[in-house]
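Take the sequence shown: its position 37, counting from 1, is numbered 38 in our numbering, and each next residue is one higher.
Everything labelled a hint here was simulated from the structure, so no lab data went into it. Treat the hints with care, since some could be wrong.
[What the hints assert, rightly or not] Computed cross-link-like contacts, EDC-like style, restricted to lysine to aspartate or glutamate with a CA-CA straight-line distance of at most 20 Å:
#: 1; residue 1: Lys164; residue 2: Glu176
#: 2; residue 1: Lys200; residue 2: Glu177
#: 3; residue 1: Lys42; residue 2: Glu177
#: 4; residue 1: Lys73; residue 2: Glu107
#: 5; residue 1: Lys200; residue 2: Asp145
#: 6; residue 1: Lys140; residue 2: Glu107
#: 7; residue 1: Lys172; residue 2: Glu192
#: 8; residue 1: Lys140; residue 2: Glu19
#: 9; residue 1: Lys102; residue 2: Glu19
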Amino acid sequence: MRILLIEDDQSLGTAVAEQIRADGHSVDWSTTLEAATDALKTSGFDLVLLDLMLPDGRGIPFLTDLRRGGTKTPVIILTALDQVSDRITGLNAGADDYLVKPFDLEELSARIGSVARRYSGNPSPTITHANLHIDLTAKTLLRDGQPVTLTGREWALFEAFVKRPGQLLSKAQLEETLYSFSDEIGSNTIEVHVSHLRKKLGRALIVTERGLGYRLCAP
Numbered sequence: 002m003r004i005l006l007i008e009d010d011q012s013l014g015t016a017v018a019e020q021i022r023a024d025g026h027s028v029d030w031s032t033t034l035e036a037a038t039d040a041l042k043t044s045g046f047d048l049v050l051l052d053l054m055l056p057d058g059r060g061i062p063f064l065t066d067l068r069r070g071g072t073k074t075p076v077i078i079l080t081a082l083d084q085v086s087d088r089i090t091g092l093n094a095g096a097d098d099y100l101v102k103p104f105d106l107e108e109l110s111a112r113i114g115s116v117a118r119r120y121s122g123n124p125s126p127t128i129t130h131a132n133l134h135i136d137l138t139a140k141t142l143l144r145d146g147q148p149v150t151l152t153g154r155e156w157a158l159f160e161a162f163v164k165r166p167g168q169l170l171s172k173a174q175l176e177e178t179l180y181s182f183s184d185e186i187g188s189n190t191i192e193v194h195v196s197h198l199r200k201k202l203g204r205a206l207i208v209t210e211r212g213l214g215y216r217l218c219a220p
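Construct all of the structure, not just a fragment, from the sequences and the given hints.
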């Protein structure tokens, strides 16, 4: 997934960004609402992590405007505001989850996975596809009962396909999922990762639609 982190605390932002990358996701980090607005206009994100008190404004009006504008991207609020009334306000404004600081980074990872699964239409962390058994939470994969090891990028790419079975995904869509603004992307990077997945999981798993993109084959 590609995640937008909106957080002005440098220490916490660094820790959260590192955790997101360790989980195999890409992250763009904005320290102001203005920068976050520009990022959302420029690229598509799978999830937003939103602090409520930023240097140039409050997160609740920002979230309310997103929802009124039709943005359906899931949002998890990260904040020190811990009153029940604060939680209610955040959830009623359109947040999908609410996490109070200080929080455990592993819990954040679990909540990101939970929200992402709900939006994908499959709340279960385990998926069976043909001869593959996938655990999205544990990030484990079995092929014919045998474990298969994927790199972080390979897992992120595979997860993008698994969450959209049968859907055509263009090269640009896959690049947005895997990489942040600061990453350098080679012209054939996606092709290389797809080739590696086919070698590990079977050549028939991912179908190439020439000139259009790729899709996960039907089980």
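Here is what the structure says about each hint:
no., hint, result
1, Lys164 / Glu176, "16 Å, holds"
2, Lys200 / Glu177, "23 Å, violated"
3, Lys42 / Glu177, "13 Å, holds"
4, Lys73 / Glu107, "25 Å, violated"
5, Lys200 / Asp145, "15 Å, holds"
6, Lys140 / Glu107, "14 Å, holds"
7, Lys172 / Glu192, "9 Å, holds"
8, Lys140 / Glu19, "17 Å, holds"
9, Lys102 / Glu19, "17 Å, holds"
The structure fails hints 2 and 4 (numbered hints given earlier, in ascending order).
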